[in-house]
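**Q** Working from the sequences, and respecting the hints, build out all of it.
The residues making up each chain are set out below.
There are 2 protein chains.
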Amino acid sequence: MPSDSESIVLLSMNVSIICIGNELLSGRTLNTNATWLGKTLTEIGCIVNKQIVIADDEESIVKTLNDLIHGNNECVIITGGLGPTSDDITRETLFKYVGTGSTFDSEYWNILSERFKKIGIDIPESNRNQALRPEVGKIIDNPVGSARGFRFKVGKTVIFSLPGVPSEMEAMVKSSIIPWVRPYVSQKVYTRTIRTTGIPESALIELIDGPINSNHKCEIGYYPSLSGVDIRITSENDKKKETLSNTLETFLGEYVFGFDNDTLEEVVVRLALDKNMSISLAESCTGGLIGHRLTQVPGSSQVFKGGVVVYSNYAKIKILGVDEQNINDHGAVSEQTSKDMAQKVRSMFSTDIGLSVTGIAGPDGGSKLKPVGLTYIGLSGSNGQKVRKFNFGSNRINNKSRVSQSALNWLRLEIANG
Amino acid sequence: MPSDSESIVLLSMNVSIICIGNELLSGRTLNTNATWLGKTLTEIGCIVNKQIVIADDEESIVKTLNDLIHGNNECVIITGGLGPTSDDITRETLFKYVGTGSTFDSEYWNILSERFKKIGIDIPESNRNQALRPEVGKIIDNPVGSARGFRFKVGKTVIFSLPGVPSEMEAMVKSSIIPWVRPYVSQKVYTRTIRTTGIPESALIELIDGPINSNHKCEIGYYPSLSGVDIRITSENDKKKETLSNTLETFLGEYVFGFDNDTLEEVVVRLALDKNMSISLAESCTGGLIGHRLTQVPGSSQVFKGGVVVYSNYAKIKILGVDEQNINDHGAVSEQTSKDMAQKVRSMFSTDIGLSVTGIAGPDGGSKLKPVGLTYIGLSGSNGQKVRKFNFGSNRINNKSRVSQSALNWLRLEIANG
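Protein chains in written order, with this note's numbering: chain A, 71 to 488; chain B, 71 to 488.
It should be emphasised that the hints constitute simulated quantities derived from the structure, not laboratory data. In this text, all values refer to a predicted model and were calculated from it rather than measured experimentally. The reader is advised that the hints may include incorrect statements.
The list cannot tell twin chains apart, which means a pair is met if one copy fits it or any two copies do.
[Claimed, not checked] List of simulated lysine to any residue pairs, SDA-like, C-alpha gap at most 25 Å: (1) K309 x L343; (2) K187 x S471; (3) K438 x N465; (4) K109 x S295; (5) K287 x E319; (6) K166 x S196; (7) K166 x R198; (8) K208 x E319; (9) K187 x I269; (10) K188 x R458; (11) K309 x I114; (12) K188 x L296; (13) K438 x P213; (14) K109 x T99; (15) K440 x Q366; (16) K388 x G454; (17) K244 x V224; (18) K309 x F321; (19) K187 x G268; (20) K440 x G369.
**A** What follows is the structure, given as C-alpha cells:
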C-alpha cells in the first residue's frame, strides 16, 4: 500500500474522488474537476473507481469517507471546501475525522498577508483558517492560491484534500500528487490523442475504417466537439500504440493538426516561428476571438503583429481602407470584401500573411440570400488573395467558435505548405 | 412518499443521481448529465443529495443502489448503460436487482426496425435487448432514440433508469420525470444569484458580515472564480430571499454587476445601448479578448464599433498613432502609453469611449520594475483620459482573463455613472 515508508509496487492504484460543493449538486457549476482528475490519474496508470459529489455537510463527508476507506481504495482525493468562508467545512471535518489537532502557522500567515498587501488589500481575518497546520498529516503547498491542501493516512488509504478552484487543484496534483503516485504504479498505460479538425466524426470513421479493422490491440475512443474530433488510442504496449497512431495519421493526412495537449493556435504559432512568417488579422464577426486565441500562446508576439476588429462598415472603410464600392456592390459579407480586408490588413501591418473574416454571426441579420452563419474567410499572402466560403449554424457563440477554428486551420495549412 | 397511488405531499424530494460509464470515470467524457440533472431537478424544488459516477459493473451498481435506497432518497435517477453493446449492463442488472422477469416487446421491435430501415440500415441483432419489457415497473418512452427507460419502486424509493446520451436523457426527463415529480414537490425553492466582480471572496464576506448575521432564514453560498464571486441566496420564502438580496445589494454597491444569468459583457452592452454610447478598443496584451467578449452579446454591433489589436510597437505607433516618444521614454507598458492608446483609438473610431489595455501577459518579458502581470487600463471619454494600474499574477491565460474582466468592469461603471 502506498505510504512514505513502504515500497511495495502496485500493479495499479485504485482511486476514488470526492468533490464537495453544493454548487456542483445543484448544477450551477460543471464538475470539470472530476473529469480532469479522472483523465490525469488514468493516464498515469491509476484506476478511478468512483466519483462522488456531495454537499458541504459534515455527516455526508464522514459517511462517504467511511465507505471509501473500507472499500478497495488505496487513495481518496477530495476537492473543495477549503475556502475562507463559513460554508467551507472540509478542513475542519477532515481534521476531526483523522483525529488531529492543529496549530496556527504564523509563517504562512505572513506570506498570505504579504500576498494580499501586494494587491492592495488588508488580509481579512476569515483567511486565518487557511493558515492552520494539522499536527499529523502533511501540508500540500498551493503554488497558485491561498488554500493549502493536506495528506493523511487512514488505515490502508491515503487521503488528499485539495481546493476546488480548478487551476489551484490542477497545479497541486501536478506538483504533489502525481510524483507521489508514480512509484506505486508499475503498469503503465500508453496513450496518444490524435487531434483533428475540419472533418465530421462519421466521415472520419469512414476514412479510417480499413486501418482500424486490423489487429491493432489498442482501445480507440472518438471525442467529437465543435472544433474537431479527437481520437484517443490507449494500449498497454507502447509500440502497438505508436504503430496504430502512425497508421491513422497517414490516413487522416492534413486533418491532423496535432497530438495530445497541442492546441490549434499553438501549432499555428509554432509553424509561423519555424518558417519566420508574420501574421495580421482583420476580424469582423469574430470580434477579436482569433487574435485572442493566437495570443494565448506564449511567444506569439514574435509572429502575430496585430489586427483590426472592424465591427462596422465605417471601420472597414475608414480604418482598414476597404473599397466602399465593394461593400455597396456586394455587401460587407461577401467574397470581394473578405479579399479586400485580407489584402488591406496585410499591407497595413506589413506582414507575410493577412487573414480576414466577415460573416453573419446571428441570431439576427440574416436574409434568404445571406443566412445567419454565412462566413467568408480571406487570406492574403505573397501569391495574392484567396477566399473560402462557409455556412455555419444559427447559434452566435458556436458560429464565432467555428469561424475562428476554420480560420486558424487555414492559417496552419497555408503556413505549413507555403 | 411518491408513488402512483399515494398523494402525500412532500415538502421537497430528495434525489440522488447515478451516472454509469467507464468513459466518465476515466475523464474521456465530461459529465454534463449530472450537471444538467442537478440544475433541472433543483429548479423544480428537488434536493439533489449526491451524484455518483461508477463503472459498467454489476457489483458497483448493486452496492450503490443499496446505499442510496437505504439512505434518505425518495428518488434515484440512473443514467447510462442502456445501449445495445455488451458493456451496457444497466438494464439486465436492474431487472435482476428489482427481481423482475422480462418479455420481448415485438411491437417495439417492429417500430425500431422501421426506424433503422428509414436511415437505410438493417437493424442489428444487438439492438434486441432494447425491446425487452420488464414484468413489473414501467417503460419510459424515448422520443429521440432507441433505448427506452424504466421506472421501478424499491421500498420507499422510486428508481428511474435513463440512457446516457444527453439529448435522449434530457428529452425523457422533460417528458416523463418532471411531470411525475411536480405533484410531490409543493415547496418551491426561490433563488437569486448576485454576481460581483472586483472584490476577493474574503473581503466581500467582511463587507457583508453584518447584514448576513441577522435572522434572514436563507441559505447563502459563495462561488468564487477568477472573474469574481457569485453569491447565491436560496429560500423557501420568496420575500425573505428578496429582502436579503436587496440588503446585500445595498452593502455591496458597485461590486454587483448583475443577477442570475447576467454576464458582465451583456451588462456593458445593455448599459451602452440604454445610454446610446459607442465603444472602441485598443488591445495589446489581451490580443482581442475584450472585443471577443463584447461581441458574444447579440446586438453588440450597435455599440461596439471595433478596435485595434496592437501587439507590437510598430502597430502602436504606425497604426494607432501612439506617440513614439512616449514608448521610448516610458515603455509600451506604462501609464502614458495606455492613456495615449485610449485617446487615439477613441478618435480613430469616433466613439464616445475609447478603452485601452497594455500589460505584460507573461510568462516572459517581465523585469524587476515591470513584473509579469503589470497592466495599465486606459479610458478616454468626453472628460479626458484616465488610467488604472493593476498587478495580476504570472499565468498568461489567467492574466488575460483578469485584464479583460477589469476592463469590462471599468466600462460598466464608466457608462453607468457617465
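**Q** Compare the structure with each hint and give your call.
**A** Cross-check of the supplied hints:
1. K309 x L343: neither (31 Å within a copy, 60 Å between copies)
2. K187 x S471: Only across copies: K187 and S471 sit 22 Å apart there, 39 Å inside one copy, limit 25 Å.
3. K438 x N465: So K438 and N465 pass the 25 Å test inside one copy only (17 Å; across, 46 Å).
4. K109 x S295: Answer is both: 17 Å inside a copy and 23 Å across each meet the 25 Å cutoff.
5. K287 x E319: within (17 Å within a copy, 60 Å between copies)
6. K166 x S196: within (20 Å within a copy, 52 Å between copies)
7. K166 x R198: within (18 Å within a copy, 53 Å between copies)
8. K208 x E319: neither (45 Å within a copy, 41 Å between copies)
9. K187 x I269: Between copies, since 14 Å is at most 25 Å while 51 Å is not.
10. K188 x R458: Only across copies: K188 and R458 sit 15 Å apart there, 49 Å inside one copy, limit 25 Å.
11. K309 x I114: within (17 Å within a copy, 52 Å between copies)
12. K188 x L296: For K188 and L296, only the inter-copy Cα distance (17 Å) is at most 25 Å; the intra-copy one is 41 Å.
13. K438 x P213: Answer is between: at 20 Å across copies they meet the 25 Å cutoff, but 55 Å inside does not.
14. K109 x T99: For K109 and T99, the Cα distance is within 25 Å both inside one copy (19 Å) and across copies (9 Å).
15. K440 x Q366: Only across copies: K440 and Q366 sit 20 Å apart there, 32 Å inside one copy, limit 25 Å.
16. K388 x G454: both (23 Å within a copy, 24 Å between copies)
17. K244 x V224: Only inside one copy: K244 and V224 sit 23 Å apart there, 43 Å across copies, limit 25 Å.
18. K309 x F321: within (19 Å within a copy, 63 Å between copies)
19. K187 x G268: Cα proximity of K187 and G268: across copies only (16 Å, versus 49 Å in one copy).
20. K440 x G369: between (38 Å within a copy, 18 Å between copies)
Checked against the numbered hints listed earlier, the structure breaks hints 1 and 8; every other hint is satisfied.
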